[in-house]
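Trainee: Knowing the structure of chain H, use the given hints to seat chain W on it.
Listed below are the residues making up each chain.
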Amino acid sequence: MMPAKSLVRMVMANTLRSPRHFILSAFGIVIGIGAFVLFLALTQRAGSVLEKVFPLEEVQVVAPRVSLLGKDASKRLDDSTVKTILARPEVKNAIPRLNLAFPAAGRGDFEGTDLKFEVGGFADGVDPSFVQDDERIRTYFKDWDAEPNDKNRIACVPPPQDPREDVIQAPGIRPKDAPPAPAATNPWDGDAGSDAAGSAGSAGSAAGSATAGSAAGSATAGSAAGSASAGSAAGSATAGSATAGSATAGSAAGAPPPPPRRPRPPTYYNPCPEPERYYCDDTERVCKHRVPVVLSATVVELYNNQFAKSHGMPMADKNLVNLLIQQRGLSAMRFSVGLGFTTISGTSAVTNQTPRRVEAVVVGVSTRAMPVGVTMPIQYIRRWNQEYMGPEAASSYSSIIVTLKDRNQLAPFSQWLIEQGLRLEDSLGERFATVIFVIRLLFLIISVAILVIAVINIGHNFFIQVSERRREIGIMRAVGATESDVQLIVLGEAAVIGVVGGILGILLALGIGTAWNTYAAAGIPRFPFKPASWFEFKTWIWASALVFSTLFCILGGYLPARRAAKMEPAQALAQN
Amino acid sequence: MAKAPVVRLRDVTKSYGVGAAKTQVLRGVSLDVQEGELVALVGQSGSGKSTLLNIIGTLDQPDAGEVEVLGTDLAKASEHRRAQLRNRSIGFIFQAFNLMDHLTCLGNVTIPAAFSHDARDVEARGREAMRRVGLSDFAARFPSELSGGQKQRVAIARALFGAPTLLLCDEPTGNLDSETGREVIDFFRELNAKDKVTLLIVTHERRISSVAQRVIAMRDGMIVETSDEALSAHGGGPS
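Residue numbers (my numbering), protein chains in the order written: chain H, 132 to 707; chain W, 8 to 246.
For reference, chain H alone in the conformation it holds in the complex:
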């Protein structure tokens, strides 16, 4: 075989002296590889978005729904079920999820907007070890009530109740320039003094600064509530203008009517140490760590696309949530949860327990959060279900998340589940993944079809080229070229077309991708999970495009190269 250096030099020289041939041959490859890269990058991105929407690493085991005379008669998923599943050889891990089994209502301030939302039915719990997305989540997502020696758990006076509000806004942190609280443990001043029960009653018009100084009775109270929901910042729950309570709360607490020129009462601030994370619990009257919750990317997207737009509220993508927490601390994402309350009237009769309020805080966005709702450490849900619905609700899991050692073992595991009277939850993600797989296959077929046409074109061009170079091939043979030397030279030229055509094809795809991204950023309306870039140009896509391009071109040049090699030198030289 001829020396590699000579081969490269000859191939490059031949390529450079036939630009027309090169362009004609490379054109199809550029288009084919461009389509190949673009399609793969597009479907790759689609897959990534899909994985964001539907985490596909695990499967969810549920009990088939069975109802008997309107009562749920489904098989129970409990700790023994988890143990049985864990004993399966194909199972790597099994973690139960527990739904909140009774009504609960949430209320929180988001960027100056007073949000009220339903939590019952939209909350579940998982073991904290399962939720490990980032450092903040790893630090805060745990059962704080189980901490044995929490020095911050000290006595405190909770904020006043509002008879017109099931759940009040989570009070804010005392600003530095605010007047000092009368007592460290009793920031709630007001007319009720240190008696919290009294204060709750007397602070009838708790929400809303508009109540201040108004002595207009119940009419004022109404306006007070209105202003509160109109978005006065967190912590606006004013203390003690007992005015509004004159008809309602006032009578409940037996407080005397206020003097006409009573000074504006001080605002209630969170009195707890580390108020970022701790709040004063209404029931226990001690400072407790807020219940840590995580949201799914789906919730954030739903908020952005359905809620924020229609309610004129600020957008909050995942990064914004993190940004807010970073800039303003965890308290930026705090909210109150009224256990036993509901925003849906007529549905609160499932439990006879006295409603109460706890505070929660969003500690991050997690792939492990329930798709629509909030997820918290399972211990909280277990205790609350026990408190409000009894022991069965505390131990009946809604589903069990199973991680298999190998996804290929899904079929036998699924069969075993059916035998146990259980099943895998229908996964929309799996269906979408199948659709994307089919689309990717379709795109690949189109790309390969273009490449095959390009290969035929290359073969045709090389046949012409070889025919035109008969004499040259004869000369090379006459001065010592072997058949394989001639074949290598032709294949080398084909490979150069493949490499250069591949690179140009990749650049074409990148150009089209960038142009489309630029257009789509402004020209296509926002929709859930709209990506910033529509294409994911992974290294493996580029590499495989180059390999394919080169291989296809070599394939196209093979027959002409073989013909050139088999050419009798005497005949090649005779045709002059």
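Derived from the structure by calculation, the hints contain no laboratory data.
It is possible that some hints are incorrect.
Straight-line Cα separation of at most 25 angstroms, SDA-like style, residue types lysine to any residue; simulated pairs [stated by the list, open to error]:
| # | chain 1 | residue 1 | chain 2 | residue 2 |
| --- | --- | --- | --- | --- |
| 1 | W | K83 | H | E614 |
| 2 | H | K183 | H | R693 |
| 3 | H | K697 | W | K29 |
| 4 | H | K697 | W | E190 |
| 5 | H | K697 | H | M132 |
| 6 | H | K183 | H | R657 |
| 7 | W | K29 | H | E699 |
| 8 | H | K697 | W | H87 |
| 9 | H | K697 | W | K201 |
| 10 | H | K206 | H | L690 |
| 11 | H | K214 | H | A542 |
| 12 | W | K83 | H | A701 |
| 13 | H | K536 | H | S211 |
| 14 | H | K202 | W | T79 |
| 15 | H | K697 | W | E130 |
| 16 | H | K697 | W | Q102 |
| 17 | W | K201 | W | E130 |
| 18 | H | K273 | H | D413 |
| 19 | H | K697 | H | I285 |
| 20 | W | K83 | W | Q31 |
| 21 | W | K83 | H | K214 |
| 22 | H | K206 | H | D258 |
| 23 | H | K697 | W | R95 |
| 24 | W | K201 | W | E190 |
| 25 | H | K136 | W | L110 |
| 26 | H | K669 | H | S529 |
| 27 | H | K697 | H | K214 |
| 28 | H | K697 | W | G24 |
| 29 | H | K697 | W | H124 |
| 30 | H | K282 | H | D297 |
Over 10 angstroms on every C-beta distance to chain H, these chain W residues come out as not near it, computed from the model [unchecked claim]:
| # | residue |
| --- | --- |
| 31 | R15 |
| 32 | L77 |
| 33 | T79 |
| 34 | E86 |
| 35 | I118 |
| 36 | Q157 |
| 37 | R214 |
From the three backbone atoms N, C-alpha and C, an ideal C-beta is built for every residue, glycine too.
Mentor: Structure of chain W alone, referenced to chain H:
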């Protein structure tokens, strides 16, 4: 013990085409060419001279018969060995020059080096070959810039690049005017005399016949006459 001939042919036959279109080009040709000989191969067009030359030069293969060139039995030699012979030991000179138009003169002269692993002094050897044919100043020129005689001299320089022991020339003066043709013939004589290169020249040129030590005449694919006396008859020959 007598030295083995540089070329040894025995009963070589060759035909082209099949069926009714089959043409017998060589019909049992036997021939020996000794080292240092200058042999002229003459005959009318279609008599099989060029085919015989191509078979000796391993550019073509016989249908039957034995061909031994420079001690190598071509029937048994591998494709690689035959290419090696063409690259190192056999030089070709054609009537149509057969230069590569996209290469410079020096590039054409050194093209055999592209297929050889002997990469020593390629340019120097190329320039030396060009000097020998009197084209030292034409190294950077392209063939399209040269006259017919100059082109043939570049082709001769290419043939000499590998310092061959056997030079096969197919109508080397066919496309040249008589003056240039005479210069080429003189060069061949000198090459044969000084460098002891064996030359086998297919020609119609009477002058070449006159300087050849042996003239072999062919007709209808057969050797019809071998004249060892041609040299003395025409008063030429190596000096």
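Trainee: Give me the numbers of the hints this structure contradicts, sorted from smallest to largest.
Mentor: Violated hints: 2, 4, 9, 10, 14, 15, 19, 21, 26, 27, 30, 34, 35; rest satisfied.
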